[in-house]
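Position in the first sequence counted from 1, then plus 208, gives you this note's numbering.
Hints in this document: simulated from the structure, not taken from any laboratory.
Computed from a predicted model, the values in this text were never measured in an experiment.
Watch out, some of these pointers could steer you wrong.
[Claimed, not checked] Below, simulated DSS-like cross-link-like pairs (lysine-lysine); rule was C-alpha separation at most 25 angstroms, straight line:
(1) LYS487 x LYS504
(2) LYS476 x LYS611
(3) LYS547 x LYS709
(4) LYS782 x LYS825
(5) LYS324 x LYS377
(6) LYS473 x LYS487
(7) LYS473 x LYS504
(8) LYS487 x LYS377
(9) LYS708 x LYS547
[To be verified] Restraint-style ranges between C-beta atoms, simulated for each label pair:
(10) LEU679 x PRO323: 21 to 29 angstroms
(11) ASN461 x LYS324: 32 to 40 angstroms
(12) GLU644 x LYS324: 53 to 61 angstroms
(13) THR550 x PRO629: 28 to 36 angstroms
(14) ARG354 x PRO636: 43 to 51 angstroms
(15) GLU340 x PRO316: 31 to 39 angstroms
(16) GLY217 x ALA366: 42 to 50 angstroms
For glycine and all other residues, C-beta sits at the position ideal for the given N, C-alpha and C.
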Amino acid sequence: MAKVILPQGETLEAAGVSLQELLRERGLTDEVVGALHDGELRDIRDPLPTEGEVRALTLSDPEALEILRHTAAHVLAQAVLRLFPGTKLAIGPAIRDGFYYDFEFPEPISHEDLPKIEEEMQRIVAADYPVERVFLSREEALELYRERGEAYKLELLAEIPDERISFYKQGEFIDLCRGPHLPSTGLVKHFKVLELAGAYWRGDPNNPMLTRIYGTAFPTREALEEYLRWREEARRRDHRTLGQQLDLYSIHNEIGAGLVLWHPKGAKIRRIIEEFWIKEHEREGYQLIYTPHIGKSRLWEISGHLDFYRESMYAPMDIEGQEYFIKPMNCPFHIAIYKTRTRSYRDLPIKYAELGTVYRYERSGVLHGLLRVRGFTQDDAHIICRPDQVEGEILRVLRFALKILRAFGFSEFAAHLSTRPPKFVGAPEAWDLATESLRRALEAEGIPYDVKEGEGAFYGPKIDIDIEDSLRRSWQLTTIQFDFNLPERFDMTYIGQDGKKYRPYMIHRAILGSFERFFGILIEHYGGAFPVWLAPIQAVVLPVTEGQGAYADSVAERLREAGVRAESWSRGGKTLRYLIREAQLQKIPYMLICGPREAEAGMVALRLRTGEDLGPKPLEEIIARVREREASRTPEL
RNA sequence: GCCGGCGUAGCUCAGCUGGCAGAGCGGCGGUUUCGUAAACCGCAGGUCGGAGGUUCGAAUCCUCUCGCCGGCUCCA
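Turn these sequences into a full structure, and let the hints steer you where they fit.
Written out as structure tokens, the structure is:
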């Protein structure tokens, strides 16, 4: 007997029937759309389990969202088959923000077809077809799909071991599907078809490219509208939009895809980040170095990059008959510095850090604003240490990374621990020590992480920390990565206490990842409204009329002397309203308004970016305020 | 790289089935001297991403190419 918890909290015991039958007997047919048994979604049409607790789900339960969206995907497929006969079906799952279905259309379709599809979906919802579950024998299923020429479905069928194969049916539409699904199509009330994109069958580029249609569905109109509003808001926070509006950076067709020009304001922010970064690294015992942008092919042969990474490297250039490559990584240069003298065990750990600019050939389709570029500056460092130092150094570097990220207001981290792949170099014991050190560091810091079993690079295990952009796409910033390959290839050694040579451990790490990507994420994180310590312009002085222009200029001058990044907008004879709007759009933290009254009193009226008017203030107070906000790096104004 | 879409003034965009390149903002000049998110008038500004083709005629149709957007794949 299973214990069944109904939506209103009523419980009962039942066995041998499905939840749907049970509810029908009690006249409760409409509401319940699925069930949760030990955290697992179940179909209401399935027989109840023999034991445990089954909670009936209604659309207002968050767990039911997946069922709703999965059914919405079926409605989409049904609509597509009606409008585009001959379309072949692939797969159509629910995903985080909605659902998709992959199709092979007889003729390509475009965005303009989406509204039609949505309308047809509306009709299917309005028709309120009951969604039935049917089981076909393998033969029946094969026959059904052979008849329709559904090659993708046949491929899926071949992988299902069962003899009774689960299908769902609504109206004329039938689909191979494990479920669960809603009781009827009429429950998919609030949905939207969103995007069209290509997707390889089974994610394999050797397979045909299918057409994927994305959509979303919610239990209520409000929730759908809120989601659509959120997408709008995300568009406004997009670093590519803000980058232009705030005049932070640009990328030019004629200069090259993925190559970033940092404008004065973007460069100012970068400089502030760099200075912060340098100070923190020196405090943490890193030694800062500079290395060249190119190196001879021999170097990249030794490092193995020409064997393993060549397709991501720019073509070599010929200099006096020698091949040189632009660097895709900094490691070989750091190693070369290490090797300039014999190192003692007493010298370790050695930590070389560099803001190293590298160039990597990224395929054109993957470039994305500042988040995926071809030329970028890594905040790179290599920690070279003894085995007995590994654990301590790893904990230290993880703590350090979190400290840096937190300074920029990031608090939610998704960490991944990638372990040894089937093909690897180095001793298994070294891998174990490294992997365990990484794991213990994550646990000591209480950072939630998942383990990507076997997904480490061939040369070492790693921790990656991802942060999401405004559209919740995640991007890797931090990486802490062991390297058992390069110390070997470059024959790095140190002399131990016993006078013998030993191989050091090398840890490659980047915290911000690259300045370009980090900046992109940072722009979105703050929606362009940077905290005072990062704001490229902290204060603008706004004269009410041209009569206060000279006073405004002198105020800005005094602020700059005190180290405040201030400008006076005294030229142009613009109205105060105009200037305020402009400053607001530029998201400048402080607006210092100077009218005749303020000029007379030697003060400024302080208006915050939030719109708050704090009234007249002496300059000293403004300066103190800026200094305090800078020191604490608070987002408050 | 692949699929679909998009490239028109500095920016945002209009320009239907081929027939004289437009608006708003911004810029410049002038007027206005103004108190918390856009004062008013005027002027300038374009190889319609680039190359080739079809046509009497191309921003518009076709091909190639560069770039961008959404995905997929990739991401040492």
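Going through the hints against the structure:
| no. | hint | verdict |
| --- | --- | --- |
| 1 | LYS487 x LYS504 | violated (32 angstroms) |
| 2 | LYS476 x LYS611 | holds (22 angstroms) |
| 3 | LYS547 x LYS709 | holds (13 angstroms) |
| 4 | LYS782 x LYS825 | holds (23 angstroms) |
| 5 | LYS324 x LYS377 | holds (22 angstroms) |
| 6 | LYS473 x LYS487 | holds (21 angstroms) |
| 7 | LYS473 x LYS504 | violated (36 angstroms) |
| 8 | LYS487 x LYS377 | violated (64 angstroms) |
| 9 | LYS708 x LYS547 | holds (16 angstroms) |
| 10 | LEU679 x PRO323: 21 to 29 angstroms | holds (23 angstroms) |
| 11 | ASN461 x LYS324: 32 to 40 angstroms | holds (35 angstroms) |
| 12 | GLU644 x LYS324: 53 to 61 angstroms | holds (57 angstroms) |
| 13 | THR550 x PRO629: 28 to 36 angstroms | holds (34 angstroms) |
| 14 | ARG354 x PRO636: 43 to 51 angstroms | holds (49 angstroms) |
| 15 | GLU340 x PRO316: 31 to 39 angstroms | holds (33 angstroms) |
| 16 | GLY217 x ALA366: 42 to 50 angstroms | holds (45 angstroms) |
Checked against the numbered hints listed earlier, the structure breaks hints 1, 7 and 8; every other hint is satisfied.
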